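**Student:** The chain contents come next:
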Amino acid sequence: MKSKLQALEKDIIEGLRQCSHCKMCVSACPTYEGWYTQSSMGRLAAIYAFLMYGLGSEKELSKLLFSCSTCRRCQNICRAMSAGVETTDLIVKARNLLAIKFEAKGEDANG
Amino acid sequence: MDKSYKHVIPTGHVYIKESVLEKGNVFGVSADKTAWATGLDLPKKADYTVFAGCGYQLMKYADGMLASVRTAEKMGVGMEKVVGISKAFGKVGIDLAGITGRITTAGAEDIYTRVLISAINVLKKLSVDIGYMGTEEPCCGSPIYYSGFADDYINNAQKNYGLFKSMGVKKLIGVMPACTASLKNLYPQYINGYDLEVKHFIEVVADRLRESSIKPVLKKKMTIAYHDPCQISRVLNLSKLTREVISRIGGLELREPEVDQTGEWSTCCGGGGGMEVTFPELCERLAVRRVNELMATGVPVIATSCPACMMQLMKGVSKLKARVKVVDLAEILDEALPQ
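These protein sequence lines are chains A and B, in that order.
The numbers in the first sequence follow my numbering, run straight up by one, and end at 111.
The numbers in the second sequence follow my numbering, run straight up by one, and end at 450.
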């Protein structure tokens with residue numbers, strides 16, 4: 001379980017590193033209402049900060065991740081005009097990371 | 112059990128996962144999956160198998176299910192993996208069986224089921240040899256993939272592939288955009304030697320209209336704006352094809368909103384990624400914004416191809432108290448095609 005989690009983490013970080021923070025996806029995101037964290041770039045930055053430096057909590061990260069409608073408009077604009085980051089796929093992978101992490105915890109607690 | 116689990120994985124998403132894995136549909140209701148096809152006389156074995164999906168036939172339960180999940184979330188019912196979330200719901204007095212009981216509309220009375228029936232009629236009128244899987248039809252699992260339960264999704268996909276094979280299914284026609292995208296794009300990534308031919312309804316219609324001499328014509332002229340569902344436009348890349356089909360319907364005029372709001376750049380209706388269960392207010396704002404964009408074209412009818420989009424757009428329309436009708440493209444096609 002642990003190696004799987006690490007592999008997924010590595011996969012996500014590699015994907016995140018391609019982001020050039022051009023903010024093209026910010027205006028493309030339908031949930032953007034003034035805060036960067038309501039957009040794709042903000043969500044990706046939050047995942048990166050969490051995975052690399054342990055910034056923020058899982059609870060906060062979860063809120064950002066699950067407020068994405070996975071409509072892939074950001075991924076489309078990134079492919080067309082920027083670095084081609086698979087933004088939506090990365091958000092879904094990060095959701096998966098949280099699920100694996102916490103399901104493992106739950107199993108441990110139950111013996 | 113780690114107590115923080117329920118703060119990290121929203122109740123609604125856990126509910127969706129358990130529903131898909133245990134009940135075989137997104138809404139977690141024990142509904143008859145063949146009810147919609149009553150009287151349609153569909154065989155089990157045919158050239159093409161229609162994959163109806165949970166969306167259209169069970170969308171009528173969405174409001175009840177969403178309300179229950181939201182109440183549960185407010186009351187702090189979280190993930191209780193051992194007992195199952197429906198039991199946890201029962202403990203605090205939320206009766207999920209009641210959701211199915213309250214809804215009495217059936218068949219063509221229900222606006223969502225009607226779309227499915229229309230789609231079948233269209234395929235029959237275009238003489239496509241179709242059948243369906245009846246009670247055996249599984250849930251493709253697309254919602255749990257987007258909720259982040261990739262392992263469960265893969266297990267479910269492999270189980271489904273075995274089922275398709277054992278039933279001799281070779282060619283699938285999907286009506287739900289999300290199910291079609293899941294069967295077409297995601298399954299091959301996780302199943303070795305995946306060899307099912309998956310097509311979306313609109314692809315089959317476009318092919319048939321090109322080949323045959325049938326010309327769909329609407330008796331009464333209609334002007335529509337088309338809302339591209341995200342799975343149709345950006346995952347399946349069918350925006351252009353959809354417009355080709357629309358242009359082939361006589362008496363139907365399509366008015367496009369701004370360039371950056373249509374086709375592959377269509378904005379979100381708010382119905383995706385399980386957002387309705389966690390952020391209903393945000394969802395509603397998205398719906399209102401999208402309806403406003405489409406209404407700027409001044410059309411009386413908004414067409415789309417997805418039950419979730421349909422639900423969201425109708426929510427937006429009623430919120431704005433606008434006089435706009437929301438229909439599915441399959442219904443327009445059914446009306447336009449000669450018997």
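Please keep in mind that the hints were generated in silico from the structure rather than gathered at the bench.
Any given hint could be a false lead.
To be verified - Derived contacts from chain B toward chain A, CB cut-off under 10 angstroms, selection only:
| # | residue |
| --- | --- |
| 1 | 120 |
| 2 | 150 |
| 3 | 256 |
| 4 | 260 |
| 5 | 385 |
| 6 | 434 |
As the list claims (entries may be wrong) - Listed next, the in silico DSS-like pairs over lysine-lysine satisfying Cα-Cα at most 30 angstroms (straight line):
| # | chain 1 | residue 1 | chain 2 | residue 2 |
| --- | --- | --- | --- | --- |
| 7 | B | 310 | B | 281 |
| 8 | B | 310 | A | 93 |
| 9 | B | 295 | B | 332 |
| 10 | B | 310 | B | 295 |
| 11 | A | 63 | A | 93 |
| 12 | B | 270 | A | 101 |
| 13 | B | 236 | B | 330 |
| 14 | B | 270 | A | 93 |
| 15 | B | 281 | A | 23 |
| 16 | B | 235 | A | 59 |
| 17 | B | 134 | A | 63 |
| 18 | B | 235 | B | 326 |
| 19 | B | 270 | B | 282 |
| 20 | B | 282 | B | 235 |
| 21 | B | 295 | A | 93 |
| 22 | A | 63 | B | 117 |
| 23 | A | 4 | B | 295 |
| 24 | A | 2 | B | 117 |
| 25 | B | 185 | A | 63 |
| 26 | A | 2 | A | 59 |
| 27 | B | 330 | A | 4 |
Computed from a predicted model, the values in this text were never measured in an experiment.
Glycine is no exception: its CB is placed at the ideal position from the N, C-alpha and C atoms.
**Student:** Against each hint, give a clear statement of whether it holds in the structure.
**Tutor:** Evaluation of the provided hints:
{"no.": "1", "hint": "120", "result": "holds, 6 angstroms"}
{"no.": "2", "hint": "150", "result": "violated, 36 angstroms"}
{"no.": "3", "hint": "256", "result": "holds, 7 angstroms"}
{"no.": "4", "hint": "260", "result": "holds, 5 angstroms"}
{"no.": "5", "hint": "385", "result": "holds, 7 angstroms"}
{"no.": "6", "hint": "434", "result": "violated, 25 angstroms"}
{"no.": "7", "hint": "B:310 <-> B:281", "result": "holds, 11 angstroms"}
{"no.": "8", "hint": "B:310 <-> A:93", "result": "holds, 26 angstroms"}
{"no.": "9", "hint": "B:295 <-> B:332", "result": "violated, 35 angstroms"}
{"no.": "10", "hint": "B:310 <-> B:295", "result": "holds, 8 angstroms"}
{"no.": "11", "hint": "A:63 <-> A:93", "result": "holds, 15 angstroms"}
{"no.": "12", "hint": "B:270 <-> A:101", "result": "holds, 25 angstroms"}
{"no.": "13", "hint": "B:236 <-> B:330", "result": "holds, 17 angstroms"}
{"no.": "14", "hint": "B:270 <-> A:93", "result": "holds, 22 angstroms"}
{"no.": "15", "hint": "B:281 <-> A:23", "result": "violated, 44 angstroms"}
{"no.": "16", "hint": "B:235 <-> A:59", "result": "violated, 50 angstroms"}
{"no.": "17", "hint": "B:134 <-> A:63", "result": "holds, 27 angstroms"}
{"no.": "18", "hint": "B:235 <-> B:326", "result": "holds, 15 angstroms"}
{"no.": "19", "hint": "B:270 <-> B:282", "result": "holds, 18 angstroms"}
{"no.": "20", "hint": "B:282 <-> B:235", "result": "holds, 16 angstroms"}
{"no.": "21", "hint": "B:295 <-> A:93", "result": "holds, 20 angstroms"}
{"no.": "22", "hint": "A:63 <-> B:117", "result": "holds, 12 angstroms"}
{"no.": "23", "hint": "A:4 <-> B:295", "result": "holds, 26 angstroms"}
{"no.": "24", "hint": "A:2 <-> B:117", "result": "holds, 21 angstroms"}
{"no.": "25", "hint": "B:185 <-> A:63", "result": "holds, 15 angstroms"}
{"no.": "26", "hint": "A:2 <-> A:59", "result": "holds, 21 angstroms"}
{"no.": "27", "hint": "B:330 <-> A:4", "result": "violated, 59 angstroms"}
The earlier numbered hints that this structure contradicts are 2, 6, 9, 15, 16 and 27.
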